[in-house]
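Using the working numbering, read the sequence shown as starting at -15 and increasing by one per residue.
Derived by calculation from the structure, the hints in this document are not laboratory data. Be aware that a few hints might be false.
[As the list claims (entries may be wrong)] Heads up, simulated DSS-like pairs for lysine-lysine below, C-alpha to C-alpha not over 30 Å straight-line:
#, residue 1, residue 2
1, 265, 224
2, 265, 177
3, 150, 265
4, 150, 228
5, 265, 163
6, 163, 150
7, 133, 150
8, 228, 265
9, 150, 177
10, 177, 163
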Amino acid sequence: MRSLVALSLALAALPCGAASVQTPLELPALPVPSQSAAVGGSLALGSQLPSESALATPALSLPVLPTALPAVSVPAARPSIGAAAVQPRSGAVQPRAAGTDPKLPAARSQAGIAGRAPEAAAIFDGGKVLPAVPVEAGVPDLIPEWPGKTGDTVRLNGRSYVLGEKLGEGTSAWVYKVKGRPLVVKLIYPDLKDIPVFGGEKDALEAMSHTRIAYARLHDASADGMTLVKDLVRGEEMWKVVDKGPLSPAQTGSLLDLAAELVSIGHTADLNWGNLLWDGKRWVMIDSGGFQQVGPWGPLGQILSEERRARSGIDAGAFLRALRARLGPDSEAWRGVQTGAAWPYQKAILAELGP
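Sequences are here, hints too, so could you generate the full structure?
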């Protein structure tokens, strides 16, 4: 009994709330799964960027299916993106409320993502325009058993693609270069169909075709979206660029273009350093599965995280001042940036902006 009384007195003497003190945590960059593989200066979907603490290690590693979805989960049903005016890059971007579904021009949609593409659809390879992939009418689709192998033929919507060099492999997808064309075939593991990051990539690519984002375009797809034919993007992954030193003004400017577009349309994307490829003029996104509706700090939190700023040399204040000028200081999109800052480092950056 004396022990119980002593214990009660000791507990009563504790200050209120002492047993549950919470301290704010730093929000990490969005861990949207990325699948990329750099092979001989070319990059295609199918592997994953190493962690940022080990970015200097160039060895390819392909993703193991995560046990949990990203912190900002991908919606089970992707909103469609329809038609409306898009402002030019110069000057303020059309104000849009962050986190809302924008209406962008249907005229930018690409051929071949649903049903048959026009036979005259061009494929660009540097300065050359290659003839379209021939269409054979009345033949069924042919998809090899996953994960496929070099020499297999994939036939989608009457077009045949012979699998060449394997560019990447993992538990989520295998990627092959198409023989004779600057394209890749991505074979996504069939059991991932109901996970939007994987099974929803076709929808994301269709949506991104209405934006000004530079990305690996979709040329063809199976009905279930688990077999994709995309651009083969040539360039250097961002983590390799950063390993050589801070980003150049042109590289920072291209990142600003990307951020302004994403914030203005109320979406984020996978801005993992292995998912952005510098092609000499701009950053190109090679995996679009992480394209989803979210507030402005979805993309900005990835670009301006403390670790990434330290490595890339980005001046957060200068970056946000330029973004404010691009969006318009009185725009709904910029107000979303101001009101959406939830973490101490985000609020600190905004507090230092000034007029």
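Hints, verified against the model:
1. Simply put, residue 265 and residue 224 have alpha-carbon atoms about 16 Å apart, close enough for the 30 Å limit, and the pair holds.
2. Distance restraint check for residue 265 and residue 177: the Cα-Cα separation of roughly 35 Å exceeds the 30 Å cut-off, and the hinted pair is therefore not satisfied.
3. Pair hint residue 150 plus residue 265 holds up; C-alpha atoms about 27 Å apart against a cutoff of 30 Å.
4. Distance hint between residue 150 and residue 228 is fulfilled; the C-alpha atoms sit about 28 Å from each other, no more than 30 Å.
5. As the CA atoms of residue 265 and residue 163 are separated by approximately 27 Å, the hinted pair is consistent with the 30 Å bound.
6. Note on residue 163 and residue 150: the hinted pairing holds, with a Cα-Cα distance of about 11 Å set against a maximum of 30 Å.
7. Restraint check for residue 133 and residue 150: satisfied, since their Cα atoms lie roughly 8 Å apart, inside the 30 Å limit.
8. Straight-line distance between C-alpha atoms of residue 228 and residue 265 comes to about 17 Å, which keeps the hinted pair within the 30 Å bound.
9. For the hint pairing residue 150 with residue 177, the CA-to-CA distance comes to about 22 Å; that is within 30 Å, so the pair holds.
10. Simply put, residue 177 and residue 163 have alpha-carbon atoms about 27 Å apart, close enough for the 30 Å limit, and the pair holds.
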